[in-house]
Amino acid sequence: MKKLSLLAILLLSLPALQLLNSQTPVPDQTWKLDQSTLTYHMSHPMHEVDGTSHAALGKGVCQAGQCDFLVAAPVKSFDSGDSNRDLHMIQTTRGAQFPIVSVRLRLAQAGLNSPTLDCDLEVNFAGNTAHYAHVIFQQTINGAAHHITGVVPATVSNFKIDPPTFLTIPIKNAIPVRVDMVWHAM
Amino acid sequence: MEIPGRIWAGWARVLICAGCIAVLCGANGRIAAQTGVQPATAQQASGKQGIEVAAKEDALALPDAPHPAESALEGGETLSSSSSFQASALNQPPSSGPSLSDLGLTPAETEGSAARQALMDRRTHMLKIHQRLGLITVIPVAAACISAAGAPPEKGNYSDTASRDLHIALGATAVAMYAATASYAIRAPRVSHEPARGGVKWHKYLIYIHAPGMVLTPILGAMAYNQINSGQKVHGIASAHSGVAVATAASYGAAILAVSWPIHLKF
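Taken in sequence, the protein lines are chains C and L. Add 31 to the 1-based position in the first sequence for the working numbering, that's all there is to it. To convert, note that position 69 of the second sequence is 68 in the working numbering; the numbers rise steadily by one, no gaps.
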């Protein structure tokens, strides 16, 4: 009888231990941006321009189930294939005064492996901060590499930038930024 | 031997029971904290020990996860697309987390310079004037080219100078405006020492054709004018006036196109 009760207690305690194990906070984690391609698209009735940067740096820190990410790139690192246009872009976006464009976001650690990431972005650019809610990024995971792609629907007016003109016609307000990044957990 | 065995068995049961109770209570408290169950609910569910655990979890105060959809919709906003821009501080990602220095960026890289920005603003301002004047200069250049048709004396009639004078006036205006246009580009502050890339590179190469052409053309034109006025046929190096002028005008037009290319008309 005593042996039976002991066995029953042991059997009952096993699921409880398992439950405890599943609720143990995930250990802290750090993410690093390996490769990145950020491309803005500028549209004008006479010109379609893409400017690309591969110089973005990024880091993510996970604590208590929440991950804070920061991605930053020098404004001057965007190359549109024309040095004069790039200098004009830096001037227009006040890139000499605010040389870094940065993006912050927070994600639940549990959702980091999801094929789509719904992100609320805080973008700091040209001395102004804009928030973009529900920006969807696609994710494919190859081993340790997390390949993220998506588009940030930025506009010139979000950052209070005077739209540059060509032949007195201003560029379109939308300057979507294509994002292509590879992250890995450290 | 039997007595110590019983004692051990008794102790083991007590320890296992205590462990089970602690595990169950602890797990309950954690679930309450992680699933957003209010502490009051947790209290009702797990009794006095549950209250203590919930209070302990509150003290740890995990940061709130963002609640994007609910907050936006509660505020009466309609989210028409998959993503939306918000000027307000709704769903703000945290200001905590990694900093720029964590990324390896030095203060020299992250801190801007108002003086440098002012320099770039001045450069852009001057280049905008350069662009505007350059486009306006196309008019007297084109007009001088067109009026050149009436400049040479017709069938030895050297006395009719009206069309020739008009050509000279238009040519002089073109040269003066060209000089003004060039002065803005020359005086614009240089902010980068990197070699030019793209259309502006060709824009700069073409200077080597149209700048000497703009100097030579009026000199050759003046020589031709003097020869005609003295009743001579245009001869010698002065006869190259029209050829140099055409090359100059063509390279000037190409320089404008170079900074405008490629053109994709899309209205």
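Please note that a few of the clues may not be correct.
Claimed, not checked - Using 20 Å as the maximum straight-line C-alpha spacing, the simulated EDC-like pairs for lysine to aspartate or glutamate come out as follows:
1. C:Lys107 - L:Glu193
2. C:Lys107 - L:Asp159
3. C:Lys191 - L:Asp120
4. L:Lys127 - C:Asp211
5. C:Lys107 - L:Asp164
6. L:Lys203 - L:Glu193
7. C:Lys191 - L:Asp159
8. L:Lys200 - C:Asp81
9. C:Lys107 - C:Asp193
10. L:Lys232 - L:Asp120
11. L:Lys200 - C:Asp110
12. C:Lys63 - C:Asp193
13. C:Lys63 - L:Glu153
To be verified - Pair by pair, the computed Cβ-Cβ distance ranges are:
14. C:Lys191 - L:Gly252: 35 to 41 Å
15. C:His178 - L:Pro188: 39 to 45 Å
16. C:Ala175 - L:Lys200: 17 to 23 Å
17. L:Arg131 - C:Gly142: 51 to 57 Å
18. L:Arg131 - C:Pro146: 31 to 37 Å
19. C:Pro76 - L:Ile128: 46 to 52 Å
20. L:Val214 - C:Pro76: 33 to 39 Å
21. L:Leu118 - C:Glu79: 38 to 44 Å
22. L:Arg115 - C:His215: 32 to 38 Å
23. L:Arg121 - C:Lys191: 17 to 23 Å
Everything labelled a hint here was simulated from the structure, so no lab data went into it. Using N, Cα and C, we set each Cβ at its ideal position, and we do this for glycine too.
So, against the hints stated earlier in the document, which numbers end up violated here? Result: hints 2, 4, 5, 7, 10, 12, 13, 16, 18, 19 and 21 break, sorted rising.
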